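Visitor: Take a look at the letters that make up each chain.
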Amino acid sequence: MTIVEQIITSFIASAAFVIIFNGPKRSLFHCGLVGMIGWIFYFLLETNGVDMVLATVIASFTIAIASQYFAKKYKTPVIIYSVAGIIPLVPGGIAYNAMRSFVENDYNLAINLAAKAFMISGSIAIGLVFSEVINQIIRKSKLKTIVNKTH
Amino acid sequence: MEMEKQETYDIMAVCLLAGKIMLQSGAETYRVEDTMMRIASSFGAYQSHPYVTPTGILFSVEGNEPTKTKLIRIVERTTDLEKVAQVNGISRRISAGEFTIEQAYKELKKIGESGSPYSLWIHVLAAAVSSGCFLIMFQGEWRDFFPAFITGGLGFLSLLYFHQLVPIKFFSEFSASLLIGLQALFFVSTGIGGELDKIIIGSVMPLVPGLLITNAVRDLMAGHLISGLAKGADAFLTAFAIGAGIAVIFSFF
Numbered sequence: 001m002t003i004v005e006q007i008i009t010s011f012i013a014s015a016a017f018v019i020i021f022n023g024p025k026r027s028l029f030h031c032g033l034v035g036m037i038g039w040i041f042y043f044l045l046e047t048n049g050v051d052m053v054l055a056t057v058i059a060s061f062t063i064a065i066a067s068q069y070f071a072k073k074y075k076t077p078v079i080i081y082s083v084a085g086i087i088p089l090v091p092g093g094i095a096y097n098a099m100r101s102f103v104e105n106d107y108n109l110a111i112n113l114a115a116k117a118f119m120i121s122g123s124i125a126i127g128l129v130f131s132e133v134i135n136q137i138i139r140k141s142k143l144k145t146i147v148n149k150t151h
Numbered sequence: 152m153e154m155e156k157q158e159t160y161d162i163m164a165v166c167l168l169a170g171k172i173m174l175q176s177g178a179e180t181y182r183v184e185d186t187m188m189r190i191a192s193s194f195g196a197y198q199s200h201p202y203v204t205p206t207g208i209l210f211s212v213e214g215n216e217p218t219k220t221k222l223i224r225i226v227e228r229t230t231d232l233e234k235v236a237q238v239n240g241i242s243r244r245i246s247a248g249e250f251t252i253e254q255a256y257k258e259l260k261k262i263g264e265s266g267s268p269y270s271l272w273i274h275v276l277a278a279a280v281s282s283g284c285f286l287i288m289f290q291g292e293w294r295d296f297f298p299a300f301i302t303g304g305l306g307f308l309s310l311l312y313f314h315q316l317v318p319i320k321f322f323s324e325f326s327a328s329l330l331i332g333l334q335a336l337f338f339v340s341t342g343i344g345g346e347l348d349k350i351i352i353g354s355v356m357p358l359v360p361g362l363l364i365t366n367a368v369r370d371l372m373a374g375h376l377i378s379g380l381a382k383g384a385d386a387f388l389t390a391f392a393i394g395a396g397i398a399v400i401f402s403f404f
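The listed protein sequences correspond, in order, to chains P and A.
Its first residue numbered 1, the first sequence is counted upward by one per residue in this note's numbering.
Its first residue numbered 152, the second sequence is counted upward by one per residue in this note's numbering.
Don't take every hint at face value.
[As the list claims (entries may be wrong)] One side only, chain A facing chain P, incomplete, derived with CB under 8 Å: (1) E179; (2) N239; (3) I287; (4) G361.
Just so you know, the hints here were simulated from the structure itself, not pulled from any lab data.
As the structure is a prediction and not an experimental result, all values here were calculated from the model.
All C-beta atoms in this analysis are idealised placements derived from N, C-alpha and C, irrespective of residue type, glycine included.
So here's chain P without its partners, still in its complex pose:
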């Protein structure tokens, strides 16, 4: 039941975010799909005891691959898809709790949470960049074979 709930809400939330960012209407469905895939990966890993940071890296990597697939297929900038996917992973909850602890003078807990939020934002970035690197390696290796053929 929870998983169905999560699938539906993550799809709607990601698609709604694309509307807030004025995304193209024809890509709404695909953006929702990218967001859903990323969130379900994260959710399943996290509820099965995988570390939050690692789960975020894997989820953002998946998002980046899915976005690059859609970007190539529909000849649209990749950013439209990746932004929609990334939004659910942004550590809003942790950053919020950190802020709250700061205000309640519990600095130890606040610094703890802030460091965690920072780690998670970093791991989102690592996942994105990692897939970009792989994408470029694939593209370069394809280019090389083309160059070799023409020479």
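With chain P held as given, fit chain A onto it using these hints.
Guide: Frame of chain P; chain A shown alone:
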């Protein structure tokens, strides 16, 4: 000679317009620079150097005559992914040789002047729905869906309103998150809502600078250090404004 000079200036005008629209709509720096260079080379200016930062674009074209350089200033930045996609499409068509310089300029101008594809109320509705959905995604209860829906929608509406009132981003984000905190407090104290934390986290999500964070990191990794740091600072300021607005609620109640 005079003809050639004029043509170079025309090419630069098209490139700068394309760059300006993309940058104002929230495209990554590398995409802006790449698009400008592609357009320039498809019109025959093979040596061009765009230098793009979030607050301005420097563009110079080398040729047989002395090098020409232009600078434009970017003041207003919003998020409009549709425009990024449209300019990208125009650039592809220019590369394919479908446009003359004048046609390209006209098309770009049309994109630049076009408004948002969605009306204000659709935006607010989207913010409201996504707030409710985020509440469920963060393991909230279904009975809190309605409070988060209202809080998120009104919070986003107030962000747009305050931004129109005083065009300082920090102020509008701070006031919007303050209002979100107040509404969540109201819902919880009247017994309509259950968990204060979950309602606030869900409703604040539409204000979170997710696009800026992703762009900042991608720019940094691509070697656009100045843009990356500037966007990172922008994202940090937004996060700080939201946090401060919520913090005010906690220190008073």
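Visitor: For each hint, tell me whether it holds in the structure or not.
Guide: Against the structure, the hints come out as follows:
no., hint, in the structure
1, E179, "6 Å, holds"
2, N239, "5 Å, holds"
3, I287, "4 Å, holds"
4, G361, "4 Å, holds"
Violated hints: none; the structure is consistent with every hint.
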